[in-house]
Amino acid sequence: MNAFSARTQRAAVGDVDTVAKVLFKFFRKNSLPITSTSTAEQPLRIGVNDILRTSPTILCVRAKVEGGHVETGDKLFLMPEAIAVVVKALMNLLRLLLNHQKIFHRQQINSGNFEPDSVYPGNVFCRGGTELLHPCQRFLARLVTFDIRMPILRWAHAELFVHSLRVPCVISKLNSIHPGSKELEKKNPRLLPRNVSAIVEIKTEQAISVESFNKNKQLGRLALRSNGETIAAGIIIDG
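What the sequence shown shows, in the UniProt record's numbering, is residues 1 to 239, in sequence order.
One or more hints might be untrue.
[Claimed, not checked] Using 27 Å as the maximum straight-line C-alpha spacing, the simulated BS3-like pairs for lysine-lysine come out as follows:
| id | residue 1 | residue 2 |
| --- | --- | --- |
| 1 | K203 | K187 |
| 2 | K186 | K64 |
| 3 | K215 | K173 |
| 4 | K203 | K215 |
| 5 | K75 | K217 |
| 6 | K186 | K173 |
| 7 | K88 | K75 |
| 8 | K75 | K173 |
| 9 | K173 | K187 |
| 10 | K88 | K64 |
| 11 | K64 | K215 |
| 12 | K173 | K64 |
| 13 | K75 | K64 |
By construction, these hints were calculated from the structure, which means they are not laboratory data.
Kindly produce the complete structure, drawing on both the sequences and the hints.
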């Protein structure tokens, strides 16, 4: 029996507060591990979920490690603005789900050297060099359309949702209806009907921090909404 299981078993089953304290003491360190959906071999990707506190020199956010590993003192970049920051402190916020016996964590990252109005949910912390996450305004995606009332036309406007990011976008090109859908492959279709798989080009008004699905699953999944309904979902295949 390891130290973690021994401590949790000594806590009463119904004593959620005691169990939470044991978990917090066990996991609280000066570094944060990867999540269950990421791997250590991936480049560091930390998606900003919420802004907790800002000042001229300190930024405190709630974020999620989607790949890699971070420690206090690490020098990172906040993308897509490429703002150089230094990690000052880390804290795990643990939540125990008794029904599933799983632990999910979020991180607070305190960083210096930034403009308070230049950070928002959907920003991503990463390292420089070969691990740098290059911002983009245009990418290819493989979509599956839902049971939509109206077909999707070229230059249709929608809201793009990727990890914690939510921005306006335009479906700038309909490349093809992909093999495997009910229709035969069709190049440059005029529209996308309901319940088909297609390759499209999506363009955003501003540079965003996303990545192809084969590099990072969380940064590569997307959904499109229009007029209050989800019209399509899919993955980024080239960005």
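Status of each hint after checking the structure:
1. K203 - K187: With a Cα-Cα distance of about 19 Å, the restraint between K203 and K187 holds, given a limit of 27 Å.
2. K186 - K64: Roughly 39 Å separates the two Cα atoms, so the pair is violated.
3. K215 - K173: Holds, because 23 Å separates the two Cα atoms, which is no more than 27 Å.
4. K203 - K215: holds (20 Å)
5. K75 - K217: Within the cut-off at roughly 24 Å; holds.
6. K186 - K173: Given that 27 Å is the threshold and the Cα spacing comes to 13 Å, the pair holds.
7. K88 - K75: holds (10 Å)
8. K75 - K173: Outside the cut-off at roughly 38 Å; violated.
9. K173 - K187: holds (11 Å)
10. K88 - K64: Satisfied, since the Cα-Cα distance of roughly 16 Å is no more than 27 Å.
11. K64 - K215: holds (17 Å)
12. K173 - K64: violated (32 Å)
13. K75 - K64: holds (17 Å)
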